[in-house]
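Engineer: This is what each chain is made of:
There are 2 protein chains.
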Amino acid sequence: MLQLDDLDRAILRLLKEDARLTISELAERLNRPESTIHFRIKKLLEKGVIERYTIILGEELRPKAVALVYIQAETPIIEDFLEKYIHYIMKTLSILPNVLAVARSGRDGVVALVGEENEEKLERFINETIKVLPTLKKIEVMPLQEFDKGRDLIGFLVRV
Amino acid sequence: MLQLDDLDRAILRLLKEDARLTISELAERLNRPESTIHFRIKKLLEKGVIERYTIILGEELRPKAVALVYIQAETPIIEDFLEKYIHYIMKTLSILPNVLAVARSGRDGVVALVGEENEEKLERFINETIKVLPTLKKIEVMPLQEFDKGRDLIGFLVRV
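So the protein lines, in turn, are chains A and B. The first sequence stops at residue 522 when you use this note's numbering, and every number in between is there. The second sequence stops at residue 522 when you use this note's numbering, and every number in between is there.
Isolated chain A (complex conformation):
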C-alpha cells in the first residue's frame, strides 16, 4: 500500500503546478535539504506515484469549440455483436485527430471529447463523421463552454 506523507504531497503539488522546478528550488520552498528532495522524487518515480512528466499546450493550439458526445450503440439481434459494435465505434473515433478522448460508458455506450476550430466545424464534424457511423442508436451532444475546474484539460489532451 502506498504511504505518502506531507512532504511527498507538497512536492507533488508543486511539481503539478510547475514540473520545471529544480531540486534546489523545491528544497528552498519546502525548507528541506536538497538531498531529501532528491531522494523523495526518486522514490516517487520508482513507485510510479509520478507516472511521467509532460507539457500543457497553450491557448493557440487548442480547439476553440469543444463538446462531449455520448453515443449509444444499437443492440444487435445477435447480442454478442454488441462488443464488436462498441469496439468499432471506439476505434473509429480514436484515430480521428480532433477526437481528444474516448471511453467506454456502460454496456452499450461510448463517450468522446471532440474539438474543432470553431462551432461550425464542430457541428459539421459531429454531423458528417460521428452521426453517420453505422450501429448507432442514439447520440447526445453536450457542448462545453467555460471550465470552472480542470481548465487545462484541453491543453493537456491536444496533439500537434
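Don't take every hint at face value.
One copy or any two copies: either way a pair holds, since identical chains are not told apart in the list.
Distance condition first, Cα-Cα at most 25 Å in a straight line; then the derived SDA-like pairs of lysine to any residue [unchecked claim]:
1) Lys446 / Glu387
2) Lys446 / Tyr415
3) Lys493 / Tyr447
4) Lys493 / Leu444
5) Lys499 / Pro459
6) Lys446 / Arg382
Don't read these hints as lab results, they were simulated from the structure.
Fit chain B to the supplied structure of chain A, relying on the hints for placement.
Structural biologist: Just chain B now, with coordinates in the frame of chain A:
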C-alpha cells in the same frame, strides 16, 4: 498568427511524451544542434505554445471509479435567476475534491467529471452530494470504463 514548423512539432511531441528529456537528448534524437533546440524551446515558451510543464500521477493515486455527470438546472420563474443557479452548481461542485473537472454546457447545463475509490462510493457521492443540490431539474450519469484515447486524463486531473 502562430507558425510552427516540423521541428517545433517534433519537439512538442517528444516533450508531451516525456518532459524530462534534456536539450542534449532532444538534440540527439532530432539530429539538430543543441543550440537550435534550446532556441526553439525558448521561443515555444515565450509564445505560450508550451503553457507549462506538469506531472501525471500514477495508477495508485487515481480514483478507480469515474463518471461523467450531466446536470440540467431548473428553469426559474424569473429567467434571470438561471445564471445564478448554474453558477451555484458549478461553484459547489468545483470545491469538492472528488470532482475532477466542471464545465458549463449550453444554456442550462453543467458537466462534471467525478471520481471515487470504488463504484459504491461513487454512487453514494452522486446520490448524496450531487442529486440533492437544489435547482436541479435532471441528472444523467455516464460511468466511464476503459479509455481508448486520453487514458492519462485522470492522472493529469487528480489532486493530492
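Engineer: Work down the list of hints and note, for each, if the structure agrees.
Structural biologist: Outcome of the hint check:
1. Lys446 / Glu387: Neither way: Lys446 and Glu387 sit 52 Å apart in one copy and 42 Å across, limit 25 Å.
2. Lys446 / Tyr415: Classified as neither: same-chain Cα gap 35 Å, cross-chain 39 Å, threshold 25 Å.
3. Lys493 / Tyr447: within (14 Å within a copy, 32 Å between copies)
4. Lys493 / Leu444: Within one copy only: 18 Å inside, 31 Å across.
5. Lys499 / Pro459: within (24 Å within a copy, 35 Å between copies)
6. Lys446 / Arg382: neither (44 Å within a copy, 39 Å between copies)
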